[in-house]
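Trainee: So the chains spell out like this:
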Amino acid sequence: MSDVLLNPGLVLIVGAAGLPLLRGRAQQLYLLALPLLALALLVRLSFGERGRLSLFGLELVTIRLDALSFVFALAFLIAAVLAVIYSWHLRDATQHVSAVIYAGAATAALLAGDLITLFVFWELTAVASAVLIWARRSQASYRAGLRYLLIQALSGVLLLGGAVLQHSVEGHIRFELMALDNPAGWFVLLAFGIKGAFPFLHNWLQDSYPEATPTGTVWLSVYTTKLAVYALARGFAGTELLVWVGVAMTLFPVFYAVIENDLRRVLSYSLNNQIGFMIAGVGVGTELAINGAAAHAFAHIIYKALLFMAMGAVLHRVGTIKASELGGLHKSMPWTARFCIVGSASISAVPLLSGFVTKSMILAAVAEDGRWVAFALLLIASAGVVDHSGIKIPFFSFFAHDSGLRCREAPAGMLLAMGLAAALCIGIGLYPQPLYDLLPYAVEYVPYTASHVITQAQLVLFAAAAFSFLYRRGLYPPEIRSVNLDADVVYRRALPYGWHTASRAVERLRLTAGPPLRRRAASTWVATTGPLRPNGRLGTAWSTHLMVWCIVLLLGALILLTVR
Amino acid sequence: MTAQLPALQVAIPLACAPLCVLFRVRFVPWLLFVVAAVGSLVCAALLAGRVASEGTVRYAMGDWRAPAGIEFVVSAFNTPVLLLVSLAATVTAGYARRSVAAEIEPRRRRLLYACLCLTLAGLLGLAVTGDVFNAFVFLEISSLATYTMIAMGQHRRALLAAFRYVVIGTVGAVFVLIGIGLAYAVTGTLNMADLAERLAEGHDNRALQAAVVFVFVGLAVKMAVFPLHAWLPGAYAEAPSVVSTFIAATGTKVAVYVFCRFAFTVFGAALVFGVLRIDRIGLALAALAMLVGSAAACFQQDLRYLLAWSSVAQIGYILAGVSLATASGVSAAYLHLINHAVTKAALFAAAGLLVMQLGSVRLSALAGLGRRMPWTFAAIVVAGLGLVGVPPTAGFVSKWALVTALVERGMWPVLVAMLASSLLALVYVGRIIEVVWFREPPASAELEPTQSPATPASMVAAIWFLVLLTVYFGIDPTFPGGLADAAASALLGSGGE
Chain X
51 MSDVLLNPGL
61 VLIVGAAGLP
71 LLRGRAQQLY
81 LLALPLLALA
91 LLVRLSFGER
101 GRLSLFGLEL
111 VTIRLDALSF
121 VFALAFLIAA
131 VLAVIYSWHL
141 RDATQHVSAV
151 IYAGAATAAL
161 LAGDLITLFV
171 FWELTAVASA
181 VLIWARRSQA
191 SYRAGLRYLL
201 IQALSGVLLL
211 GGAVLQHSVE
221 GHIRFELMAL
231 DNPAGWFVLL
241 AFGIKGAFPF
251 LHNWLQDSYP
261 EATPTGTVWL
271 SVYTTKLAVY
281 ALARGFAGTE
291 LLVWVGVAMT
301 LFPVFYAVIE
311 NDLRRVLSYS
321 LNNQIGFMIA
331 GVGVGTELAI
341 NGAAAHAFAH
351 IIYKALLFMA
361 MGAVLHRVGT
371 IKASELGGLH
381 KSMPWTARFC
391 IVGSASISAV
401 PLLSGFVTKS
411 MILAAVAEDG
421 RWVAFALLLI
431 ASAGVVDHSG
441 IKIPFFSFFA
451 HDSGLRCREA
461 PAGMLLAMGL
471 AAALCIGIGL
481 YPQPLYDLLP
491 YAVEYVPYTA
501 SHVITQAQLV
511 LFAAAAFSFL
521 YRRGLYPPEI
531 RSVNLDADVV
541 YRRALPYGWH
551 TASRAVERLR
561 LTAGPPLRRR
571 AASTWVATTG
581 PLRPNGRLGT
591 AWSTHLMVWC
601 IVLLLGALIL
611 LTVR
Chain P
46 MTAQLPALQV
56 AIPLACAPLC
66 VLFRVRFVPW
76 LLFVVAAVGS
86 LVCAALLAGR
96 VASEGTVRYA
106 MGDWRAPAGI
116 EFVVSAFNTP
126 VLLLVSLAAT
136 VTAGYARRSV
146 AAEIEPRRRR
156 LLYACLCLTL
166 AGLLGLAVTG
176 DVFNAFVFLE
186 ISSLATYTMI
196 AMGQHRRALL
206 AAFRYVVIGT
216 VGAVFVLIGI
226 GLAYAVTGTL
236 NMADLAERLA
246 EGHDNRALQA
256 AVVFVFVGLA
266 VKMAVFPLHA
276 WLPGAYAEAP
286 SVVSTFIAAT
296 GTKVAVYVFC
306 RFAFTVFGAA
316 LVFGVLRIDR
326 IGLALAALAM
336 LVGSAAACFQ
346 QDLRYLLAWS
356 SVAQIGYILA
366 GVSLATASGV
376 SAAYLHLINH
386 AVTKAALFAA
396 AGLLVMQLGS
406 VRLSALAGLG
416 RRMPWTFAAI
426 VVAGLGLVGV
436 PPTAGFVSKW
446 ALVTALVERG
456 MWPVLVAMLA
466 SSLLALVYVG
476 RIIEVVWFRE
486 PPASAELEPT
496 QSPATPASMV
506 AAIWFLVLLT
516 VYFGIDPTFP
526 GGLADAAASA
536 LLGSGGE
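Chains as they are written, first to last, in this note's numbering: chain X, 51 to 614; chain P, 46 to 542.
Computed Cβ-Cβ distance ranges for the label pairs, DEER-style:
1) ILE520/P / ALA507/X: 51 to 59 Å
2) GLY68/X / PHE524/P: 28 to 36 Å
3) PRO566/X / GLU150/P: 53 to 61 Å
Calculated directly from the structure, the hints in this document are not laboratory data.
This one's a predicted model, so the numbers in the text were calculated from it and none came from an experiment.
For glycine and all other residues, C-beta sits at the position ideal for the given N, C-alpha and C.
Isolated chain X (complex conformation):
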């Protein structure tokens, strides 16, 4: 019973309550101590199940530590340390408290051994993270946060529904590999799918992340989606459907990311794309693939956080993050630029950096399983990553045309956090063995073979060449939507052309049909919610006349319906 408290996530959640009591330097140090303490606790904890509780006849297992949950929890807590350092300058207890609770809830959810515990922390992540979006205190962020919270809560409700169904069908609520032959599995898969931003369930991500505070987005980028990847790896490893979901996820955000102007939204699309690689790996489900997904999640958490940190630093100093308004910032923020390039190169899977040693595992697993179509599509998507995250992000913010913006270098805390993250990216890339040793399965895998390196190097170089070619020819300003520049321009002309026409048609449709539709939608909204408003028919104070009619009609209806 008392070992419930050994939960590293709970340390963060409970510890967060102390934050508002402290001020200034004491608060900062306490904030840093929390994730370090949780990290120490996690490392000292032995594998196994503990923290059993029984709640109205249900057996809860609040801590289940094994190799899979350990590697994710480790990444979560390291990211928490980095994010705390990154937000060192911030004097906003609301954000600190909710961020720490969010990290704690996500970690505790990783360790959950049953669906009810998972649900509890699943919902807590939703609530805590919504505060990080609202903390920007603008009308747009309020609305985005509310939409985000609703969708996340829906995911929780579905998870709860799945748990109830599983309990009524199979009589237990343990969180193990689930089958899709009963509705419980589908409910839970849909819940995970929402958090994991599956295609058509993904819009909350691009909608809300760019609206959060500069530091808040760093926290957000780490937890919610990776929690979903973990949950899928635990519950649905080897589900055929997920391979194709993952492939689709890697492909479609590429096009949006290329034409998007808000650089944090570009990163949100690229986040979606990276999750796709992991989900494809989970779907393949072999030992190598699960290892690859876990390792990629680990590396991804670090470099994606690094990229969001760099963009957050720019937003913090300059006040905008629109590609069209930035440029030339390498003069003012040289260190931020350098760290950003490390992050970009990592996400592009340039050899010797962390993305390469992990992503190639997934690709190798897909190939080893003989899925050549999926392999080819993932390769195309990889080239797209190089273009939008690898080149577009650093190029448009720090180089390109000089926007004339001059500002100070990022605050020391931000620089330190970015530096540590960049060091981790390089360290994992150069010496991946310690990470491999943490992975759930013992698999011999050598990333630096000639064929891996050459494939990836070609991919990166071709994508870079295509980018520079199109940029030189003036075809790649961020505002113009008509160019789809990807490595697939090189070897697949048809697809971009088709996409191009389709997106133009969509754009035309949006312009012609959009405003009337919006007007119609607005008037329908007013018409349907009108009665509910305080002055509407239903919400207003009813006259006694109307109330008495109601009771008489109800009496009549009841007598007619029931008495026989």
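Put chain P on the given structure of chain X with help from the hints.
Mentor: For chain P alone, kept in the frame of chain X given last:
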């Protein structure tokens, strides 16, 4: 002495009521209300202990044996209600002193306390009586006292709200009386146990069936079941804070109990749910109430109206549980009844504190005050999350129980309505959070930061007691869960008891 406990349960508050009017010294009426509340809490606790060890306690009023005399019955199905009502009264008593002093003019204070005592006596009597006509009398005692208290609200709107409640409430009470009269005409008895015995057969008697419908429609008014809910928002929102705190926790809840008592132990589940199929209509109205109540709450501009509309939705949850007529459903309904009473009382109490300090609880007036009054708003948020059903608050436990009960019977449409209503609850609670913490305070508020009076410790203590109770019931639901399970098995187990 202990043999007289069932009578004392009602007699103490009833005796305190006229004394409140007689004593003109300033604090005596309040003290009398405290005595009434604490006295009834002690009685309820002792009775609960006796019921747990010895089973049902029967008490013949004036030693006139039932069925001729009036009988009080204390059993597992009403001990939760007795405990809830007297606990709510005790907390309200602690809260009342400063709140009443701030809101009610001096010459009316003792009248308010007298009415509070009467309401308490009426509700306790309603819970404890074993006689249907006596139940009507207590229903009227509590209702009349409630109408009076609502009319004492600060604004003139309170008069109108009270008047509308009087009209619809009286119609409801008359329906109950007609139903009781019909049942008396059919059976010739007014004692509940006796009625149940004589009604065990002859279910196709039309007059009897009409009696059931009349009683339930009449009670539906008191429970504020949609579409008979219209009196509730005005009544709760315009009443003095202490009154809304007390009746939000108890009024509709006792009516739900009476509904259960009539359905399961007077008319019998076989007649009500087997022959008449009241359950289907109950579930349909419950689903509607959940959706309409929560949706309307999302659009309210005033915190107390928002809370009142959310009560309409929460009554829907409770009614759904009762209408399932299964052990798990009724148990879930009792559990939600307890948990929601505590949660809603905390919220209305906090709203009352805000009224006292700010003069208004329109959401626009609350903008940006989260930093100035962090503790009050933290209480509102924790209790608000209880309304949504976020763990680890009590709301989650009872909603989980209700979901399980609904799944058991395969009531998918109601389940969907309930989940949708929970999402809507998230919207209205989210609105409060957004306004309070993330909006800039209005410019005028900055001019008068020091004007708000000091926060009375007694009121804060009452609010936080209730809030912590919701969290405690969320983490360790054994106590309310045990009461609810015992109540459900007492209601369903032994038809006549």
